[in-house]
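Residue numbers (the numbering used here), protein chains in the order written: chain F, 268 to 378; chain G, 19 to 130.
What the hints contain is simulated information worked out from the structure, not anything from laboratory work. Do not rely on the hints blindly, as some may be mistaken.
To be verified - Label pairs and their computed distance ranges (CB to CB):
(1) F:280 with G:59: 46 to 56 Å
(2) F:280 with G:71: 23 to 33 Å
(3) G:20 with F:317: 10 to 20 Å
(4) F:285 with G:36: 32 to 42 Å
(5) G:36 with F:280: 37 to 47 Å
(6) G:60 with F:280: 18 to 28 Å
(7) G:21 with F:317: 28 to 38 Å
(8) G:73 with F:376: 39 to 49 Å
(9) F:355 with G:20: 48 to 58 Å
(10) F:307 with G:63: 15 to 25 Å
(11) G:21 with F:274: 25 to 35 Å
Keep in mind it's a predicted model, so treat the numbers as computed, not measured. Ideal placement from N, C-alpha and C gives every residue a C-beta, glycine not left out.
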Amino acid sequence: DAEITQSPRHKITETGRQVTLACHQTWNHNNMFWYRQDLGHGLRLIHYSYGVQDTNKGEVSDGYSVSRSNTEDLPLTLESAASSQTSVYFCASRGSTDTQYFGPGTRLTVL
Amino acid sequence: GENVEQHPSTLSVQEGDSAVIKCTYSDSASNYFPWYKQELGKRPQLIIDIRSNVGEKKDQRIAVTLNKTAKHFSLHITETQPEDSAVYFCAASIPNTDKLIFGTGTRLQVFP
Chain F
268 DAEITQSPRH
278 KITETGRQVT
288 LACHQTWNHN
298 NMFWYRQDLG
308 HGLRLIHYSY
318 GVQDTNKGEV
328 SDGYSVSRSN
338 TEDLPLTLES
348 AASSQTSVYF
358 CASRGSTDTQ
368 YFGPGTRLTV
378 L
Chain G
19 GENVEQHPST
29 LSVQEGDSAV
39 IKCTYSDSAS
49 NYFPWYKQEL
59 GKRPQLIIDI
69 RSNVGEKKDQ
79 RIAVTLNKTA
89 KHFSLHITET
99 QPEDSAVYFC
109 AASIPNTDKL
119 IFGTGTRLQV
129 FP
């Protein structure tokens, strides 16, 4: 079955390290999104992509970057991890309908 | 830009009672309003959605109503069950984009 996956599911890192979170979908969706989820803030958009080689900043993009070299993957990179980036990260994809489908999430802890 | 407010932040009901969660949005051009349910430790999953050309939509015990004039929409769960306990998020489409903006969530607890 087509699906959307994220890896790792849990990650502990240290302040200042570079971290990359993977997102992979097999629906052939053009639109992909990265969100962070924090208590009291809901889901906030970090970056998004409408297709290969297209990337755009969301509302909380500082300290994050993405790349889109193929349709299936949208990796999220934290250039220099900070404690404020401790969060749960969700990837989502959207096809021709309006529905966004979420991955299982990655819990990131920055010490 | 678009903003979505969601209330209440927590809601406790007795099993069998109804639950109502309300959201307001700021951009009158928004035309798509999904609701997601997120169980503890799980991913958000779409449970129902509504478009701006419809005033109400039902799916078994779940219904969503939309008031475009007042710019608010609500989720109604009837005959609540313990398995309805979760965090519920509303969202609104950002006009002329494929993006959504989410509310801050409502934690629903259904007591047996």
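Now for the hints, and whether the structure bears them out:
no.	hint	result
1	F:280 with G:59: 46 to 56 Å	violated, 21 Å
2	F:280 with G:71: 23 to 33 Å	violated, 47 Å
3	G:20 with F:317: 10 to 20 Å	holds, 18 Å
4	F:285 with G:36: 32 to 42 Å	violated, 49 Å
5	G:36 with F:280: 37 to 47 Å	holds, 45 Å
6	G:60 with F:280: 18 to 28 Å	holds, 24 Å
7	G:21 with F:317: 28 to 38 Å	violated, 23 Å
8	G:73 with F:376: 39 to 49 Å	holds, 45 Å
9	F:355 with G:20: 48 to 58 Å	violated, 23 Å
10	F:307 with G:63: 15 to 25 Å	holds, 21 Å
11	G:21 with F:274: 25 to 35 Å	holds, 33 Å
Violated hints, in rising order: 1, 2, 4, 7 and 9; the structure is consistent with all others.
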